[in-house]
Structures are given as structure tokens and as C-alpha cells.
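Numbers in our numbering are just positions in the sequence shown, counted from 1, shifted up by 168.
Derived by calculation from the structure, the hints in this document are not laboratory data. Quick reminder that beta carbons are idealized off the backbone N, C-alpha and C, glycines included.
Using 30 Å as the maximum straight-line C-alpha spacing, the simulated DSSO-like pairs for lysine-lysine come out as follows:
1. Lys-230 to Lys-241
2. Lys-254 to Lys-207
3. Lys-230 to Lys-186
What follows is a set of in silico ranges between Cβ atoms, one per label pair, in the way DEER data are often shown:
4. Lys-273 to Asp-179: 17 to 27 Å
5. Ala-204 to Thr-274: 43 to 53 Å
6. Met-232 to Arg-252: 14 to 24 Å
7. Leu-256 to Asp-179: 15 to 25 Å
8. Gly-192 to Ser-251: 17 to 27 Å
9. His-265 to Tyr-206: 24 to 34 Å
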Amino acid sequence: MAAIRYTLNDDQLMQLGKIHSCFGTIEQLLQMIILAAYKLNITNGRMLVGRMDFQQKVEVLKEMAPQLMSNSKAAKQLEPLYSRIKSLAVQRNRLTHAAWSKSTKTNDAIAVAFKHWGKFDNMVRASKLPA
Numbered sequence: 169m170a171a172i173r174y175t176l177n178d179d180q181l182m183q184l185g186k187i188h189s190c191f192g193t194i195e196q197l198l199q200m201i202i203l204a205a206y207k208l209n210i211t212n213g214r215m216l217v218g219r220m221d222f223q224q225k226v227e228v229l230k231e232m233a234p235q236l237m238s239n240s241k242a243a244k245q246l247e248p249l250y251s252r253i254k255s256l257a258v259q260r261n262r263l264t265h266a267a268w269s270k271s272t273k274t275n276d277a278i279a280v281a282f283k284h285w286g287k288f289d290n291m292v293r294a295s296k297l298p299a
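Produce the complete structure using the sequences and hints provided.
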């Protein structure tokens, strides 16, 4: 059986794995907060949150925050957090759904995704992945 050869090296694949693991934890927390707010058990809650994508879960939490918090001013202060989480999710998707190839000039792995960018001048270099 032939081995699969990846454009990314083991360290870069590990970095991508860490990004996914982190977002898995964030998404799980979002889901548990939504379930608790609606007073749903996991079985019933799965029907609700299982049909939401990551961005929708953030939006639901954002809409629910004023009701969940006794201080609406404090709920409003969470706005930058929602924006940051959504921005990081877009970056995660760019890395995940991109086509990775090697640069002939630098020998660095480069991610290109038309779905998210629509042009080649917004490429991500594997060497620039967060540690």
C-alpha cells in the first residue's frame, strides 16, 4: 500500500491539529451554554445545536446574553469577544478547507482557498501558523 504524502510536514500538521482541538473545545462550551440557557438535556439539545454551524452558535449566544446576565451593560461588553471568536473561526476554516501546495520559491507550504478569499494574494504560509 502506498503511503500518502502531505504537503505539510509533521510539525505543521500538529499545529493544524492544535487549532482544531482548541475550536472543538470552544464549540463544546458554546453548545453547553446554549443547552443550559434553554434548560435542555443533551439528548434534546443535540437536536437544536446539532443543526447549527459555529457562527450560528455564536449568534445565538450573543442574542441570549442579555437575558442570561443580570447586567445588560456587561452583556454588551462581550461584543468584542464574539467578534474575535467569529474572526478566528473564519481563519480556522481558511486553513482547514484550503488547498495546500509547496511554493517553488520558498519551499513553504501555502494554503489557497477561493471559497474564502476569491483571489491568490491572500495566501497563508504554513510557516506562519500559530504555535
